[in-house]
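J.: Using the working numbering, the final residue of the sequence shown is 252, and nothing's skipped along the way.
I should point out that these hints are in silico values taken from the structure, not numbers from a laboratory. Do not rely on the hints blindly, as some may be mistaken.
Claimed, not checked - Pairwise CB distance ranges (calculated): (1) Val131 with Glu173: 15 to 21 Å; (2) Arg89 with Phe145: 33 to 39 Å; (3) Gly107 with Glu163: 34 to 40 Å; (4) Ser185 with Glu156: 18 to 24 Å; (5) Ser124 with Glu165: 20 to 26 Å.
As the list claims (entries may be wrong) - 30 Å max Cα-Cα, derived DSS-like pairs, lysine-lysine: (6) Lys120 with Lys236; (7) Lys96 with Lys120; (8) Lys105 with Lys120; (9) Lys87 with Lys236; (10) Lys183 with Lys105; (11) Lys120 with Lys87; (12) Lys183 with Lys120; (13) Lys236 with Lys96; (14) Lys87 with Lys105; (15) Lys105 with Lys236.
Every residue gets a Cβ at the ideal spot worked out from N, C-alpha and C, and that includes glycine.
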Amino acid sequence: RHADLVVLGTHGYSGLKHAVLGSVAERILHKVRCPVMVVKEEPASFNPKVGRILVPVDFSADSKAAASFANSLAVRFNASVEIFHAIDFAPGYGPYFPPEAVALELEIEERAALRLEEVLSGMSDVKESVRSHVVRGPVSRSILEEVERFEPDLVVMGTHGHSNLVERALGTTAERTIRKATCPVIAVKAARPDES
57 RHADLVVLGT HGYSGLKHAV LGSVAERILH KVRCPVMVVK EEPASFNPKV
107 GRILVPVDFS ADSKAAASFA NSLAVRFNAS VEIFHAIDFA PGYGPYFPPE
157 AVALELEIEE RAALRLEEVL SGMSDVKESV RSHVVRGPVS RSILEEVERF
207 EPDLVVMGTH GHSNLVERAL GTTAERTIRK ATCPVIAVKA ARPDES
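Can you build the whole structure from these sequences, using the hints too?
T.: As structure tokens, this is what we get:
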């Protein structure tokens, strides 16, 4: 009832059954208030060593809570942390991309980099072992690409970010990452005002 962390293995339905019924892991993700760690059922994919932690952030309360949680794990396990923000720009205008649009995209990237610095300031305990960057692309795909590039032992992310109706219909970014990531994923929720 008052767990600090719920650890689950994944298995079960796929395809249409999964879309209709959802997995136990995803239902638990919605119900519990504490962080949820999901480990793939293949034993080869789970390494109890935590040396590299990947943290995608969208600057929501949940993703900031995830960064804080990753900070505590990094301190405890002396791990390095890679923190990033993905920006999904609309498709371009073909060969005639207006200069104003290019300038706007660069400004958005610069603002995201500054906001990442704010998140990093809350990770001062491990500042020497944290790197941050901004990537371009759809969020879910970018997370999986960063998993492949950084090869983390663990992904720590917020359960719900700045979502929209499409995301609610298809599942959250955290749920999609849990389904497809090759390493364990810890999903973190920010404390809500009504919680003590």
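J.: Each of the hints needs a verdict: does it hold here or not?
T.: Cross-check of the supplied hints:
no.: 1; hint: Val131 with Glu173: 15 to 21 Å; verdict: 20 Å, holds
no.: 2; hint: Arg89 with Phe145: 33 to 39 Å; verdict: 34 Å, holds
no.: 3; hint: Gly107 with Glu163: 34 to 40 Å; verdict: 36 Å, holds
no.: 4; hint: Ser185 with Glu156: 18 to 24 Å; verdict: 39 Å, violated
no.: 5; hint: Ser124 with Glu165: 20 to 26 Å; verdict: 24 Å, holds
no.: 6; hint: Lys120 with Lys236; verdict: 23 Å, holds
no.: 7; hint: Lys96 with Lys120; verdict: 25 Å, holds
no.: 8; hint: Lys105 with Lys120; verdict: 24 Å, holds
no.: 9; hint: Lys87 with Lys236; verdict: 21 Å, holds
no.: 10; hint: Lys183 with Lys105; verdict: 21 Å, holds
no.: 11; hint: Lys120 with Lys87; verdict: 20 Å, holds
no.: 12; hint: Lys183 with Lys120; verdict: 16 Å, holds
no.: 13; hint: Lys236 with Lys96; verdict: 9 Å, holds
no.: 14; hint: Lys87 with Lys105; verdict: 28 Å, holds
no.: 15; hint: Lys105 with Lys236; verdict: 21 Å, holds
Checked against the numbered hints above, the structure breaks only hint 4 and satisfies the rest.
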